[in-house]
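Sequences listed follow chains A and B, in order.
Just so it is clear: in the first sequence, position 10 is 10 by the numbering used here, and no numbers are missing.
Just so it is clear: in the second sequence, position 170 is 170 by the numbering used here, and no numbers are missing.
In case anyone wonders, no lab produced these hints; they're calculated from the structure.
Yeah, the Cβ is synthetic: ideal placement off N, Cα and C, and Gly gets one too.
One or more of the hints may lead you astray.
Facing chain A, according to a computed beta carbon distance under 10 Å, are these residues of chain B, among others [stated by the list, open to error]:
1) N130
2) E145
3) D308
4) D312
5) K313
6) C338
7) K344
8) E355
9) S358
10) E365
Think about it this way: if two alpha-carbon atoms lie no more than 16 Å apart in a straight line, the pair counts; the simulated EDC-like pairs of lysine to aspartate or glutamate are [stated by the list, open to error]:
11) A/K147 to A/E167
12) A/K150 to B/E135
13) A/K215 to B/E138
14) A/K303 to A/E365
15) A/K199 to B/D308
16) B/K119 to A/E388
17) B/K115 to A/D426
18) B/K142 to A/E220
19) B/K150 to A/D210
20) A/K197 to B/D280
21) B/K115 to A/E214
22) A/K258 to A/E365
23) A/K147 to B/E347
24) A/K197 to B/E138
25) B/K115 to A/D404
26) B/K115 to A/E388
27) A/K215 to B/E135
28) A/K197 to B/E135
29) A/K150 to B/E138
30) B/K142 to A/E389
31) A/K15 to A/D28
32) B/K323 to B/E355
33) B/K142 to A/E388
Simulated restraints, written as ranges between beta carbons of each label pair [unchecked claim]:
34) A/G396 to B/L309: 23 to 29 Å
35) A/E345 to B/R195: 56 to 62 Å
36) A/V47 to B/L309: 42 to 48 Å
37) A/D324 to B/E145: 55 to 61 Å
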Amino acid sequence: MSDNQNSFRYPEEIKPEFIKTEDIVFRDGSSVSASEIWRFMTEEAPVRYPYAYSNNRYYGRRLSKDIRLPSSIKHNYLMLTMNDRTSKARENGTPIIFVQGGQSVDPYYASGGIALRPASTGAWARGKEEGLNLREEELRSNDVREKARKAIGFEICQSAGYEHIQEGDLPVDMVAPYLCLRCSDVGYGVEAHRHGKRKLDLFLVDYPLDHQREKEWAVEYVAKNLRRLTQKIGKLAGKEVTEEDLREEIKLHNKGRKIAIDAADSWWSARVTPTNGADRRAVFQMGGMEQHGDPNASLTVLKEANKDIKERVKHSIKGEGVADDAKRLFISGSCVFPNDFRTEEAGGIIVANDNHWSDITTLVEETGDPYEKLAKAIISYPYEQPIEERAKWTAGEVKKSRSDGVLFLYNWGCNTQSAVARMLCDSIHEETGIPTMIIEHEQRGEQTEQLQNRVNAFIEMLN
Amino acid sequence: MVLETLRRIEEAVKERPQELAKAREKGARVVGWFNYNVPEEIIHALGLTPIRLGTGGDDRLVEIGSRYISTKNCVYARELVGLFAENQDPYIKNSDLVAVDATCLQTYRVAEIIKYFFKVNTLILGVPRNFYLSEGQEYFTKELEFFTQKLEEFAGSKLDTKKLAESIKLYNGIRKATKDLYEYQAVVHPPIKWREVFDVVHAGYYLDREKYLSLLKELLIELKEKHGSPVIGNLNGDARIFISGSIIPPKDTKLINIIEEVGGRIVGDDLWSGINPVLDVNIKEPSIKGIADAYINRVPHAALPYLDLETDKRLANLKKLIKDSQAQGVVFHTLRFCDPFSFKAGETKEVLRKEGVSLLEIHTEYADSDVEAIRTRTEAFVEMVKNKNLLEVEA
Chain A
1 MSDNQNSFRY PEEIKPEFIK TEDIVFRDGS SVSASEIWRF MTEEAPVRYP
51 YAYSNNRYYG RRLSKDIRLP SSIKHNYLML TMNDRTSKAR ENGTPIIFVQ
101 GGQSVDPYYA SGGIALRPAS TGAWARGKEE GLNLREEELR SNDVREKARK
151 AIGFEICQSA GYEHIQEGDL PVDMVAPYLC LRCSDVGYGV EAHRHGKRKL
201 DLFLVDYPLD HQREKEWAVE YVAKNLRRLT QKIGKLAGKE VTEEDLREEI
251 KLHNKGRKIA IDAADSWWSA RVTPTNGADR RAVFQMGGME QHGDPNASLT
301 VLKEANKDIK ERVKHSIKGE GVADDAKRLF ISGSCVFPND FRTEEAGGII
351 VANDNHWSDI TTLVEETGDP YEKLAKAIIS YPYEQPIEER AKWTAGEVKK
401 SRSDGVLFLY NWGCNTQSAV ARMLCDSIHE ETGIPTMIIE HEQRGEQTEQ
451 LQNRVNAFIE MLN
Chain B
1 MVLETLRRIE EAVKERPQEL AKAREKGARV VGWFNYNVPE EIIHALGLTP
51 IRLGTGGDDR LVEIGSRYIS TKNCVYAREL VGLFAENQDP YIKNSDLVAV
101 DATCLQTYRV AEIIKYFFKV NTLILGVPRN FYLSEGQEYF TKELEFFTQK
151 LEEFAGSKLD TKKLAESIKL YNGIRKATKD LYEYQAVVHP PIKWREVFDV
201 VHAGYYLDRE KYLSLLKELL IELKEKHGSP VIGNLNGDAR IFISGSIIPP
251 KDTKLINIIE EVGGRIVGDD LWSGINPVLD VNIKEPSIKG IADAYINRVP
301 HAALPYLDLE TDKRLANLKK LIKDSQAQGV VFHTLRFCDP FSFKAGETKE
351 VLRKEGVSLL EIHTEYADSD VEAIRTRTEA FVEMVKNKNL LEVEA
């Protein structure tokens, strides 16, 4: 690998093997070959998006150095082409819907829309301005985020994409997330659009709280919300949405969920850790089929990644940058992570997380009324259950992932996750006997070193 | 002028803990509750004793609560947890069941925490975020039926329609009397201060509800005898301040003291610990559905997102109350990490600016470290309102 002015480049020596790998097939039936992906990632993207190639050790999103994992390169390709693909789809009349992380996106695609969560919206926004280095990109990003803070409040952790949608230049058509218990800010963030400069379609799929999954009326309520949602998106897309559309979409998304669960089982049970933490997370999260704004493309890459992981497990190939006896960390809490690469430098590895995983592990029944089945699955997400139930599920995942310790990270300003931190950690500790630690995650770019110090101290303690 | 009934209400509140403990010894069962949408009528009709729980303003309790809940939660939530952790508050000690509606997510989390750490017997009432949609209202009715069923099991008796009708009548009386009382504090030479009315409202959290209504009626008679009917008009140069925003529970007097100390006169509020819970509760039939429809259609809590600014009933209510009380400036009280209100501060300011009403946001906690900073800002605001009055008089 070359390192030009602290920038990363994919080395030419891997090209012959990489270009033999599978194409990515998109939702519209088009595809891109591995050769074309290689050209983009080695020639075009480094010029258009220099920040993405930065090797700065504080940059948590830097590209994985596991160059012999094709799915990793393809995932990054999909992230870096987010603007090209989404803008084109929007120009062709596909409505773009803003959602939140950790929720299924089946109904949005069934209705002819594209669902983007905050991280994906961020990727789309980053693609709007080219030629920026890391510093310039962070300044731009912080600047636009400040506008959201001004429009909503400085205590927001989750601005519901407000900055990009109202203050930036993303042509989002509708803001319509599920209202999970995970995040209280998202509801208020959506509400804030009512006073924004741009008038948008707004809707919330409600999430009734507290032991609701066995209540028929709660399922009916969410199902009716979902019907409203698909009707609204269908209207934007100029499409009559049928139950069959939703049923087919559920089947497609179940495939992704099942493959991700299978990949996780292989990864967790491996004697030698098959990928680094960043690649693991990307693969597991592809099971939600939402991060790339194209479920079919995500599914293509996920299938390939699952095969890659199984091969590595079979041949005891270790992921790049992972220590031999790395301490295995489970991340619980808000939608934030410590820096994977620096955690690995310190002798740890993040092997699992509850956020953005509980929805993937919840399969939707494929027969019967698809709205009701989907509603039932949604209100069964383990991460959103009352804390004792959530703790039981989390402890189970901690055991399955053979984690050595649990880090509960909550984002600054995240009321609902921070509230349950101690309760959840106590409960997990009681169930598993392994150490837990609670850390407050400051807003991006702030106090990175302090956060990492705490993570590293925890790893050291586990040693 | 001292109002005799106020003194009697104060005495009754002092005696209430002992009275409650004795009643429990004789078999009475107490349902403590917190949040916004628990219908007391049902608790009362089942022969249970409803008590609204929660106090504010005590930093020591906040610290105790912070051992179990995060500092990224509002101080009210933290103090609530502290109250349960310490278990010295007479109303908490005497609660056999704690009912909580899932309106504010942080207080829902409080319910989880007190159940987990202190083994409190809790009962949750689900509240729809899409409260304005027909399916949201259907959901709330079903939730209230489920909630009532659990209360019936707890009470060991079934809800009787006749008793429910009587309870509704009683609570309608309390609501009407409270609204009447608010009118007296807003007149030019008020026979009762807003602060006293606020204390009377809080007395209603604890007192036996029949006794409370009787005292309210006596207070209104006393006010009428001494003052006549209330007529709000002919402003006399006071800086008439309206309080809005996050909850100001019993014992949280920090901001109220400051406003009064710098010469402001509070003439109204739309607090969920003030007048709001008694507004627009129109129960059309003595049934669970009748109560569910009335509660879900009254002035909504800010924790329930509403997506259209123009038709927001909460804002319409705020504007109406400001107009009715002839307030000239709004102090918008936001507790740190109280997202339902603090995220709406800027928006509310803009909405009221169009109405010609100034708004000062005070973002605070229970600690005293910001008292002087708040005093400076509030004093400047009150002065500005007074100057505006002078200019209007000169004009």
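The hints, checked one at a time:
1. N130: Cβ of B/N130 sits 5 Å from chain A, so the hint holds.
2. E145: holds, 9 Å
3. D308: holds, 6 Å
4. D312: holds, 8 Å
5. K313: violated, 14 Å
6. C338: holds, 9 Å
7. K344: Holds, about 8 Å.
8. E355: At about 15 Å, which exceeds the 10 Å cut-off, the nearest Cβ of chain A leaves the hint on B/E355 violated.
9. S358: Since the shortest Cβ distance to chain A is 18 Å, the answer is violated.
10. E365: Interface hint status for B/E365: violated (12 Å vs cutoff 10 Å).
11. A/K147 to A/E167: Between A/K147 and A/E167 the Cα gap is close to 7 Å, so the pair holds against 16 Å.
12. A/K150 to B/E135: Status violated; Cα separation ~34 Å.
13. A/K215 to B/E138: holds, 13 Å
14. A/K303 to A/E365: violated, 22 Å
15. A/K199 to B/D308: Measuring from Cα to Cα gives roughly 10 Å; hence the hint holds.
16. B/K119 to A/E388: The hint holds at about 13 Å.
17. B/K115 to A/D426: It holds: about 14 Å lies between the C-alpha atoms, which stays within 16 Å.
18. B/K142 to A/E220: Status holds; Cα separation ~11 Å.
19. B/K150 to A/D210: holds, 14 Å
20. A/K197 to B/D280: violated, 32 Å
21. B/K115 to A/E214: violated, 21 Å
22. A/K258 to A/E365: Distance of about 13 Å is within 16 Å: holds.
23. A/K147 to B/E347: Judged against 16 Å, a Cα distance of about 14 Å means the pair holds.
24. A/K197 to B/E138: violated, 34 Å
25. B/K115 to A/D404: violated, 29 Å
26. B/K115 to A/E388: Since the Cα atoms of B/K115 and A/E388 sit roughly 10 Å apart, the hinted pair holds (cutoff 16 Å).
27. A/K215 to B/E135: Judged against 16 Å, a Cα distance of about 14 Å means the pair holds.
28. A/K197 to B/E135: Roughly 30 Å separates the two Cα atoms, so the pair is violated.
29. A/K150 to B/E138: violated, 37 Å
30. B/K142 to A/E389: Answer violated: B/K142 to A/E389 is near 23 Å, above 16 Å.
31. A/K15 to A/D28: violated, 27 Å
32. B/K323 to B/E355: OK: B/K323 and B/E355 at ~10 Å, within 16 Å.
33. B/K142 to A/E388: Answer violated: B/K142 to A/E388 is near 25 Å, above 16 Å.
34. A/G396 to B/L309: 23 to 29 Å: Violated, since A/G396 and B/L309 (Cβ atoms, about 44 Å apart) do not stay within the stated range.
35. A/E345 to B/R195: 56 to 62 Å: At 60 Å between Cβs, range holds.
36. A/V47 to B/L309: 42 to 48 Å: holds, 44 Å
37. A/D324 to B/E145: 55 to 61 Å: Roughly 59 Å apart at Cβ, these two residues keep to the hinted range, so it holds.
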